[in-house]
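J.: Spelled out from the first residue to the last, the chains are:
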Amino acid sequence: MTGGALSDDDEVLAAELALGLLTREEARAAEARAVGNAGFATACAKWQDYAATLFSGAGSEMPSPSLWGAILARLPANDTAAPASRALRGWQAATGLAAAAALVFAVLGLDRAAPPPIIAPVPAAQAPLVAVLTGKDSGFVTISYNPGDGRLTVAPQGLVMGQHSAELWIIPGDGTPRSLGVIAAAAPGWRAAPRPASALIAAGGTMAITVEPLGGSPSGKPTGSVILSGKLTAA
Amino acid sequence: MPSTTPARDSTQLTLALQRVAGGDRAAFEELYRRTCVKLLSVCLRILPVRQEAEEALQEAYLSVWQRAGSFDAARGSAMTWLITLTRNRAVDRLRARGRAVQAPIELAEMVPDPAPPATALIEMAQDERALALCLSELAGGDATLIRTAFFEGVTYAELAERTTTPLGTIKSRIRRALLALRNCLT
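Chains A and B are the protein sequences, given in the same order. Those letters in the first sequence? Residues 1 to 235, by our numbering. Those letters in the second sequence? Residues 236 to 421, by our numbering.
So here's chain A without its partners, still in its complex pose (with noise of 0.2 Å):
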């Protein structure tokens, strides 16, 4: 075996970085060692194939179609020069706000300056409509919906769930809350409005945002309090 001299105590600081047993700052000084020692570098590649390969299998679900699309809308806009050091948490509180932003732009088709996108939106005949619901605590929560291709788009903001999914929900004016699905609470993200309930989203109508069990509501009507909520205006 080459490189064969690594002590046990290397070997296993390898190991316990892969597995990710080591606290912050062990594991910083860990990655430091690695600069500087080709035998430990090496080491440590070998436990991280082994640590990649605890998750055995390919695979066999494919993530919702409207994923990939949500990837795009948070990419950010003409990022040829990706930093390689800056962690997502900190992006993402930076600009989350920028973000939401530039997705309702997007859908609106008001942002000229972004490169073409990959999956081309479909060209919206009919004016959207858009939603800001708020509620009394801090977090907010932005829609829009294309009544030309059916899609709802939803960008969070500061909405903390915890063991809870948070349901949407159109009120038309008979008063009747109608699901429109479970929403992502940390991420902005669009899909097809599920029918029958897509055909009620009108102006003038409220949407409201609900705190239900994992995975929505049960029964098909809210069962929890309304925490957002606020009115539909055509764009």
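Simulated from the structure, these hints should not be mistaken for lab results. Keep in mind that the hints are not guaranteed to be accurate.
[Claimed, not checked] Partial list, derived from the structure: chain A residues whose beta carbon lies under 8 Å from chain B:
hint: 1; residue: D49
hint: 2; residue: P63
hint: 3; residue: A187
[Claimed, not checked] Residues of chain B clear of chain A, computed beta-carbon distances all greater than 12 Å:
hint: 4; residue: A242
hint: 5; residue: R243
hint: 6; residue: T246
hint: 7; residue: Q247
hint: 8; residue: L250
hint: 9; residue: E264
hint: 10; residue: T315
hint: 11; residue: A374
hint: 12; residue: G375
hint: 13; residue: P401
hint: 14; residue: T404
Here a beta-carbon is modelled for each residue, glycine too, at the ideal position from N, C-alpha and C.
Take the given structure of chain A and dock chain B to it, following the hints.
T.: The following block gives chain B in isolation, referenced to the frame of chain A:
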């Protein structure tokens, strides 16, 4: 359609990742198509609720876009890099939702990690098979400790807490297990 082999797939993935580092969105889409099923399975292993797994997956790909430049083909495969990054995003999310995962780990000379059934072994890739067999040869509970650490992002201190074992004991126990694993795998 050219036939694909693991080596060829791996090379193409490396090339795609290197192009992503240069801001190539078409390469990013190709990378997504090639890896999204596997990386979703990584997220689902850590976050069994589908929606949470998909949110973590979304964050993982955004991290890929931002950090592709730090991938070094000389230091490991693109797939390992992607899996490691995705695991970290999923674990971040698991940890961020509070102290949700605190289930005590029952160590009282628990049964050893069961050896995978032969049918499962046949379907595994060679390296997965070797690891599964070596883990099954560790002393009772050790494989569980290692898996818990990795899949739940738990450090030694928390493992000690959750097994109600002194920190020093749990450290030396896992270190012994890791060396045994190394000896078994090489």
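J.: Let me make sure I understand: some of the numbered hints might not hold for this structure. Which ones are they, in numerical order?
T.: The structure breaks hints 9 and 10; every other hint is satisfied.
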